[in-house]
Every structure is written in C-alpha cells, then in structure tokens.
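Enquirer: Residue strings, one per chain:
2 protein chains.
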Amino acid sequence: MDQESLYQSLRRPSRSVSKLVLLVLDGVGDIATSQTDYLTPLEVAQTPELDKIAISSALGRMIPVLPGVTVGSGPGHLGLFGYDPINTQVGRGVIEALGVGIELKRSDLAARGNFCSLNADGLVTDRRAGRIDTELNEILCKKLCRIKRIGETEVIIKAASGHRFVVVFRGGEIAGPVSDSDPHREGLPIKPVQSLTDSKKAKGAANVVNQFYKEALSLLDTEQPANGFLLRGFSHLPEIQTFQERFQLKSASIASGSIYKGLAQLIGMENIEESHNVKEKFRKYCLEYEQFDYFFIHVKDTDTAGENGNFDQKVAVIEEVDRALPVLFEKMPQVLAITGDHSTPVSMKSHSWHPQPLLIHSLVSGSDRLHRFTETHTNQGSLGIFQSHYLIRLMMANAGLYNKFGA
Amino acid sequence: MDQESLYQSLRRPSRSVSKLVLLVLDGVGDIATSQTDYLTPLEVAQTPELDKIAISSALGRMIPVLPGVTVGSGPGHLGLFGYDPINTQVGRGVIEALGVGIELKRSDLAARGNFCSLNADGLVTDRRAGRIDTELNEILCKKLCRIKRIGETEVIIKAASGHRFVVVFRGGEIAGPVSDSDPHREGLPIKPVQSLTDSKKAKGAANVVNQFYKEALSLLDTEQPANGFLLRGFSHLPEIQTFQERFQLKSASIASGSIYKGLAQLIGMENIEESHNVKEKFRKYCLEYEQFDYFFIHVKDTDTAGENGNFDQKVAVIEEVDRALPVLFEKMPQVLAITGDHSTPVSMKSHSWHPQPLLIHSLVSGSDRLHRFTETHTNQGSLGIFQSHYLIRLMMANAGLYNKFGA
Numbered sequence: 000m001d002q003e004s005l006y007q008s009l010r011r012p013s014r015s016v017s018k019l020v021l022l023v024l025d026g027v028g029d030i031a032t033s034q035t036d037y038l039t040p041l042e043v044a045q046t047p048e049l050d051k052i053a054i055s056s057a058l059g060r061m062i063p064v065l066p067g068v069t070v071g072s073g074p075g076h077l078g079l080f081g082y083d084p085i086n087t088q089v090g091r092g093v094i095e096a097l098g099v100g101i102e103l104k105r106s107d108l109a110a111r112g113n114f115c116s117l118n119a120d121g122l123v124t125d126r127r128a129g130r131i132d133t134e135l136n137e138i139l140c141k142k143l144c145r146i147k148r149i150g151e152t153e154v155i156i157k158a159a160s161g162h163r164f165v166v167v168f169r170g171g172e173i174a175g176p177v178s179d180s181d182p183h184r185e186g187l188p189i190k191p192v193q194s195l196t197d198s199k200k201a202k203g204a205a206n207v208v209n210q211f212y213k214e215a216l217s218l219l220d221t222e223q224p225a226n227g228f229l230l231r232g233f234s235h236l237p238e239i240q241t242f243q244e245r246f247q248l249k250s251a252s253i254a255s256g257s258i259y260k261g262l263a264q265l266i267g268m269e270n271i272e273e274s275h276n277v278k279e280k281f282r283k284y285c286l287e288y289e290q291f292d293y294f295f296i297h298v299k300d301t302d303t304a305g306e307n308g309n310f311d312q313k314v315a316v317i318e319e320v321d322r323a324l325p326v327l328f329e330k331m332p333q334v335l336a337i338t339g340d341h342s343t344p345v346s347m348k349s350h351s352w353h354p355q356p357l358l359i360h361s362l363v364s365g366s367d368r369l370h371r372f373t374e375t376h377t378n379q380g381s382l383g384i385f386q387s388h389y390l391i392r393l394m395m396a397n398a399g400l401y402n403k404f405g406a
Numbered sequence: 000m001d002q003e004s005l006y007q008s009l010r011r012p013s014r015s016v017s018k019l020v021l022l023v024l025d026g027v028g029d030i031a032t033s034q035t036d037y038l039t040p041l042e043v044a045q046t047p048e049l050d051k052i053a054i055s056s057a058l059g060r061m062i063p064v065l066p067g068v069t070v071g072s073g074p075g076h077l078g079l080f081g082y083d084p085i086n087t088q089v090g091r092g093v094i095e096a097l098g099v100g101i102e103l104k105r106s107d108l109a110a111r112g113n114f115c116s117l118n119a120d121g122l123v124t125d126r127r128a129g130r131i132d133t134e135l136n137e138i139l140c141k142k143l144c145r146i147k148r149i150g151e152t153e154v155i156i157k158a159a160s161g162h163r164f165v166v167v168f169r170g171g172e173i174a175g176p177v178s179d180s181d182p183h184r185e186g187l188p189i190k191p192v193q194s195l196t197d198s199k200k201a202k203g204a205a206n207v208v209n210q211f212y213k214e215a216l217s218l219l220d221t222e223q224p225a226n227g228f229l230l231r232g233f234s235h236l237p238e239i240q241t242f243q244e245r246f247q248l249k250s251a252s253i254a255s256g257s258i259y260k261g262l263a264q265l266i267g268m269e270n271i272e273e274s275h276n277v278k279e280k281f282r283k284y285c286l287e288y289e290q291f292d293y294f295f296i297h298v299k300d301t302d303t304a305g306e307n308g309n310f311d312q313k314v315a316v317i318e319e320v321d322r323a324l325p326v327l328f329e330k331m332p333q334v335l336a337i338t339g340d341h342s343t344p345v346s347m348k349s350h351s352w353h354p355q356p357l358l359i360h361s362l363v364s365g366s367d368r369l370h371r372f373t374e375t376h377t378n379q380g381s382l383g384i385f386q387s388h389y390l391i392r393l394m395m396a397n398a399g400l401y402n403k404f405g406a
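Protein sequence lines correspond, in order, to chains A and B.
Just so we're aligned: the first sequence equals residues 0 to 406 in numbering that gives the first Met the number 0.
Just so we're aligned: the second sequence equals residues 0 to 406 in numbering that gives the first Met the number 0.
FYI, nobody ran anything at the bench for these hints, they're computed from the structure.
Remember, predicted model here, so these are calculated numbers, not experimental data.
Where hints are given, some of them may not hold.
Since the list gives no way to pick out one identical chain from another, each pair is judged satisfied if it fits inside one copy or across any two copies.
[As the list claims (entries may be wrong)] Pairs of lysine to aspartate or glutamate residues, derived as EDC-like cross-links and limited to a Cα-Cα distance of at most 20 angstroms, are as follows:
#1 K51 with D36
#2 K249 with E269
#3 K199 with E287
#4 K403 with D83
#5 K403 with E306
#6 K18 with E102
Please construct the entire structure, taking both the sequences and the accompanying hints into account.
Expert: And the structure:
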C-alpha cells in the first residue's frame with residue numbers, strides 16, 4: 000500500500016469540524032552568520048506572542064523537497080499543501096494566469112511575461128524595464144490586446160502587478176513544450192521560441208508565439224522604457240487533485256500575490272482576500288472562521304526583506320506579524336502551524352535550501368518546552384526534520400482527523 | 000521524476016569552480032558509556048581548531064544506509080561519495096584488486112585473499128597467520144605466482160599489505176557468483192568454493208578456484224605460519240557512473256589504504272597520495288588545490304583505534320588531526336565537510352550503526368551556534384539526521400552549484 004492510500008484509508012469520515020490554520024511567513028527561515036553575531040532575524044525580533052505560543056507547541060524543521068534543493072514559491076507551497084512537489088510540477092505561466100483570474104482551459108498554453116527594455120541593437124538592457132508600475136503595465140497590455148488572434152489561435156493578455164503580465168494562447172494546433180524567449184540575463188537579444196519536442200503541435204506553438212512577438216514588438220517600438228517583453232514558463236494546466244478531494248477539507252486562501260492565488264485556485268482553494276496588511280488578513284480569517292475547515296494565510300514581506308538583504312526589515316516584518324497575532328487568536332484554531340515555504344537568508348538575498356522552522360500548536364501537539372520560535376530552538380524540537388508535504392498530515396492528526404492504523 | 004534526475008536537472012553548468020573538501024575521520028563517531036563517564040573520544044579530545052570551525056558550521060548526523068545497519072568501508076564511502084550504497088554494491092575482491100593497481104577487465108573474477116595458519120588436520124588456527132608482514136607476504140605471493148593458468152583461465156596474484164593479497168581469475172568459461180572459501184572463524188577447515196547459481200560459468204568458476212587451491216596449498220605446505228589462505232568477496236567489476244559523470248566535479252582522493260584507493264579508482268577519482276601522515280595529506284591537498292574541484296581526504300587511524308578498543312589512542316588521533324588542520328586551512332576550501340564513513344565505538348571494537356557526526360562549513364552553511372564537533376553537539380544541529388548519500392548534494396548546494404527548483 001502506498002503512503003497516499005494509507006493516509007486516505009485512515010481518514011475519519013467528517014465529524015464536528017476542526018479549524019486548521021497554516022500561517023506562512025514566506026522565506027522566514029534564515030542562517031546565522033558572523034556579520035550579525037550569529038543571530039537570525041527570528042532570534043533578534045521581539046516576539047512576545049510567538050514566544051507564548053511556542054512554549055506550548057511542537058517544534059521542528061522542514062525541507063521543501065530534498066537535501067540541498069532550493070525551491071521557488073510554486074513547489075514550496077505545493078509541499079505545504081500536502082502535494083509532492085517533485086511529482087506535481089506546475090508551470091509558472093499557469094500559476095500566473097490563474098493568479099490574475101484567467102479561467103484556463105485544458106489545452107491553453109500560458110506564459111508569464113515581463114516588460115523589458117531593449118536598446119537599438121535589440122539587446123535586453125533591463126529585464127524588468129526599470130520595474131514599471133502597474134498603471135503603465137495596464138496601458139501597455141491594453142495596447143497588446145489589439146492582437147486578438149494569430150491564425151487560429153486566440154491570444155489573451157492580462158496585466159499582473161508591476162512589470163508582470165500573462166499571455167494565454169488558446170485554440171489551434173498548438174501545445175507545449177516550448178522554450179522561453181527570456182535570455183535570463185541582460186546584454187542578450189530576445190530568444191526566438193523553439194519547440195522542445197518534434198511534435199507538430201509544439202512546432203505550431205513556437206510559430207504562433209514567434210508570430211505574436213513580431214506583431215507585438217512593432218506595437219511597443221515607440222514606448223520607453225518598456226519597448227520589449229520576455230516570456231517564460233510556457234505551460235498547460237496540469238491534472239491535479241483538488242485539496243478537497245485529497246484531504247476532505249474545505250479550504251480558503253488569504254494571500255495577495257498572484258502566484259499564491261493562482262496556486263490556491265489550481266487546487267480549488269477559495270481565494271477570499273486581497274489585503275496586503277497582516278492584521279487585515281487575520282481579521283478576514285476571523286470573519287470567515289465558520290465557513291472553512293482549513294485556512295492558508297500568507298505573509299509575503301519576510302521573503303521580500305530576505306531577497307533585499309535587509310536584516311532590520313525582516314526583523315520588522317516578524318515583529319509586525321507578532322503584534323497582529325492577537326487578532327488571529329481571537330478565533331483560536333484547533334490546529335495552528337507557523338512556518339515558511341523555504342528559507343530566504345538575508346545574507347544570501349535569495350531563496351535557499353536551509354530547512355524552514357516549524358511550529359505546530361494544538362491541544363494535543365505537546366510542548367517541547369522550547370521558549371521561542373527560532374532556527375536553533377526548532378532544531379531541538381520533537382518534530383525533527385521532515386519533508387514539508389507531510390505537514391498537512393501532522394496538522395490533520397492534531398485535529399483528530401485520522402483513525403488508528405491497525406488493531 | 001526521480002531524485003537523481005531532479006538533481007541532475009538543477010545542476011548549474013560549470014562556472015568558476017568552488018573547492019569542496021570531504022575530510023573523513025574513519026569511524027570517528029562513538030558512543031558514550033559508563034566506563035568513560037559517558038564521554039566519547041570527540042568529547043575528551045582537546046580540539047581548538049575543530050571548535051573554531053564548528054561554531055561557524057551547520058551540524059548534524061548521518062546514517063550510511065538505514066537505521067540499524069552497520070556498514071563496511073565500501074558502502075560507507077560510496078554513501079559519502081553520493082552513491083546509494085544499497086543499489087551500488089561493489090565486491091570486496093574488486094575493491095582490493097583496484098586498490099593494489101590491477102587493471103580489471105569486465106569479465107575478471109577478483110577475490111580478496113588472507114594468508115592463514117592451518118594445523119595438521121587442515122583446520123584454520125589463525126585466520127591472519129599471526130598478521131605476517133608485507134615482506135613475507137610478497138615472498139609467498141611470488142611463490143603462488145608460479146601458477147600461471149588453470150585450464151583456460153589466467154591467474155593473477157598480487158600482494159597487498161600485511162597478510163592480505165588479491166587473486167584475479169581472467170578468461171575461460173567462468174563467472175560469479177561463487178561462495179567464499181573463508182569459513183569466517185577459526186577451528187574449521189577451508190571451505191570448498193561453490194557456485195551460487197546453476198549457471199555453467201559459475202560452476203566453471205568454482206572448479207577453477209578449487210583446482211587453484213589444490214595447486215596453491217601444495218606450494219605452501221612447508222611454510223610457517225602461513226601455510227594456507229582464505230578467499231572471499233569474489234566479484235566482477237560493476238557498471239558504475241564515474242564521479243565526474245554523476246556530479247560534474249573533477250575529484251581527487253588523498254587516502255592510503257588499498258580499499259579507499261580502489262573505491263576511488265572505481266569511480267574515476269584520481270589517487271594522488273600515499274602518505275599515512277595527516278599533515279602530509281593536508282600539504283598534498285594544498286599543493287593540488289588548483290587541479291581539482293573535490294578532494295576526498297581519508298584518515299584511517301580513528302577507525303583503527305576504535306577497532307582496537309583503545310580510547311586514549313582514538314583521542315590522540317583526533318588531537319593529531321586537530322593539530323594538523325591549520326595546514327589544510329592554508330587553502331580554505333569553499334565547502335568543508337568533516338565526518339566519518341560510519342561509527343566505530345571503542346567499547347564495541349567494531350564498526351556500528353550509530354549515526355556519524357557531521358559538520359559542513361561554508362560561507363552560506365550558517366551557524367548552529369554549537370561550540371564543538373561532538374556527538375551530542377551534532378545531535379542539536381540544523382542538518383538533523385539523514386542518509387549519507389545526500390551529503391554531496393548539501394556540499395554542492397553550499398558551493399552554489401544548483402539552480403532553484405520551480406518558479
């Protein structure tokens with residue numbers, strides 16, 4: 000019997016429903032270096048609320064996929080939601096398209112777009128066109144929307160935030176896999192899109208995208224700084240079990256970034272909020288408390304601070320979350336898990352493979368008698384280190400949702 | 000997608016090469032018992048250099064294969080080199096043959112030999128013939144070399160160190176698997192070699208070996224104490240990926256024992272040193288620093304002290320390594336891992352299944368704020384306990400050799 004079937008066979012039929020909350024502080028885990036006296040943001044931050052909850056929690060650490068593997072947000076969150084990230088790969092195009100609210104059909108080919116700057120020789124001088132704002136982005140997308148079709152293929156374009164947008168190619172004899180047009184660094188020209196297999200449809204898709212490029216670039220050629228764009232992550236909607244099918248839990252997502260909203264939609268979680276403010280997110284949870292069994296609450300700014308290499312900013316975000324926690328505690332869930340989707344060390348300014356700290360609090364979580372939620376405290380916890388796709392199982396066990404295995 | 004393919008797909012194309020060093024203190028891990036006030040050799044040893052490096056390292060423990068499984072040096076090291084020891088089994092005969100410099104052909108059948116003592120009834124009275132010295136061993140092997148062929152099969156004999164030698168059977172209608180002639184304890188006769196399958200070639204191999212025995216024993220019958228020999232680990236060269244193919248790293252081995260040299264040769268590591276002296280090994284590393292990406296440096300005496308049940312000797316070897324470390328630090332590698340291939344507890348006088356302590360030091364290893372490299376300190380580290388074949392992945396992650404997985 001495989002693990003999936005075992006868990007499924009032990010699932011208790013629905014009973015008085017527990018509330019499970021997964022609070023993700025994106026990229027919260029960090030590493031201690033000599034530059035900061037071997038202290039991490041979680042260690043430096045004043046966190047009276049987290050400390051209070053830590054003492055009556057089980058602590059541990061998780062790796063998103065495998066030792067040494069650094070993940071992006073997609074696999075990072077799929078793991079937290081209980082999907083094996085290696086065998087559940089979702090293209091960036093699909094995630095972004097769902098995130099901006101496009102209802103994808105099975106045969107759609109979706110790509111993530113970045114507006115960029117090109118010089119007179121057609122070389123990319125800024126992959127993000129100086130990070131243009133969303134307003135300009137929307138104007139540019141509107142311009143590109145004049146291209147309705149390429150041959151038999153419908154083209155759907157929608158702005159996301161900042162310099163990001165989505166293109167969906169629908170219908171006609173097209174299919175992935177095709178390569179990115181993004182050269183992934185500056186000083187190079189936009190790459191023609193190529194089919195990655197010999198299939199007729201993949202070649203068709205590459206032709207359609209390249210034809211789209213020709214028409215689209217001529218529409219942008221008088222623009223500054225965004226006179227070009229890069230496409231990547233061409234992908235189709237994957238076959239994926241919904242969260243409800245998989246765990247028999249009615250779930251809601253309280254997250255603002257399009258990638259998190261897209262992931263939630265992909266697995267059938269209801270997106271119920273738009274606010275970026277942590278306290279507002281917690282208020283929304285309290286308001287919706289009765290309506291769902293499982294809440295995913297996402298805080299992005301810990302990751303942003305890490306990516307920016309800003310230690311104090313990361314500390315400040317953690318403290319902001321801590322100050323907001325009493326709002327969440329107004330409706331204390333039966334099971335609360337606090338963790339990251341991966342670590343984003345300030346000193347590395349990027350995601351990393353270091354295990355993320357985890358806290359699980361419930362009436363039956365037990366206490367590891369550890370007084371704080373930090374990397375070194377979680378090293379000593381009873382949960383040890385495990386792959387993050389097991390987290391949901393531990394949360395469900397804490398909620399009393401599994402029967403005993405065997406007599 | 001399997002794990003191998005995932006790691007392979009994330010490998011960054013070659014870039015300015017980092018230096019990775021794996022320092023193996025063979026069998027260094029130990030267990031605390033009441034006989035030594037519940038202290039281990041690593042705890043008793045004065046190790047100012049290791050302490051200095053420990054504070055800025057990530058710590059953890061590894062198991063070579065599976066919980067409760069004690070490994071020999073072969074699987075122990077294959078794990079450290081990133082091969083799954085369960086699915087990469089290499090016979091002892093092959094390892095020893097490579098170690099003494101025999102260029103094996105694919106169909107060769109190699110065995111490890113021990114000179115032994117037999118009494119008048121043909122019973123083994125000492126499995127190692129009083130541990131005769133290498134000089135006598137070479138004289139005896141020369142004698143055995145008079146046997147050039149058995150039927151169509153060429154016989155190649157070469158002395159190793161002490162009472163150990165290698166026999167390779169080449170050509171003719173022979174193939175493994177065949178059983179050992181070694182009864183594995185004293186008081187029993189030499190066992191006739193038997194084919195372990197019904198195949199004609201295995202039966203042929205058993206006949207050839209038994210015929211060889213008849214001729215060889217008659218050559219030795221006037222010798223004392225080495226009037227017999229035992230053969231074990233009959234094996235063929237396995238199909239195995241080279242280290243370079245597997246990890247795209249140019250690797251060197253600085254080890255003196257024939258088994259370690261044989262293993263290194265098997266996976267295409269260059270053997271670059273013969274010295275048994277630790278400081279000399281580190282000097283050799285500094286000299287060759289520019290020539291390789293990955294260095295395996297092996298210290299044998301920690302294991303020997305454990306096997307001898309000599310606590311003070313094990314402490315002394317650890318302290319010797321510690322005193323030599325400044326030589327290694329003259330060319331500080333980007334990534335340094337220090338560990339054992341298994342534990343060899345003094346109180347057990349043998350290899351054991353207890354997890355080996357591990358330290359990984361790099362600019363991005365982070366610090367677990369643990370002040371020493373001991374069993375109890377590594378228990379509290381951020382690396383947790385994991386199978387040793389993942390070590391190379393963590394080392395490569397620390398060297399920046401992997402791309403991010405997923406968007």
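Enquirer: All hints are to be evaluated individually against the structure, with a verdict given for each.
Expert: Hints, verified against the model:
Taking the shortest Cα distances, K51 and D36 sit within 20 angstroms of each other only across copies (15 angstroms), while inside one copy they are farther apart (25 angstroms). Proximity of K249 and E269 under a CA criterion of 20 angstroms is satisfied intra-copy only: 9 angstroms inside one chain copy versus 51 angstroms between copies. Neither within a single protomer nor between protomers do K199 and E287 lie at most 20 angstroms apart by alpha-carbon distance, with minima of 49 angstroms and 52 angstroms respectively. Taking the shortest alpha-carbon separations for K403 and D83, only the inter-copy value of 17 angstroms comes in at or below 20 angstroms, while the best intra-copy value is 24 angstroms.
Proximity of K403 and E306 under a CA criterion of 20 angstroms is satisfied inter-copy only: 14 angstroms between copies versus 43 angstroms inside one chain copy. Taking the closest pair of Cα atoms, K18 and E102 never come within 20 angstroms of each other, the shortest separation being 29 angstroms inside a single copy and 49 angstroms across copies.
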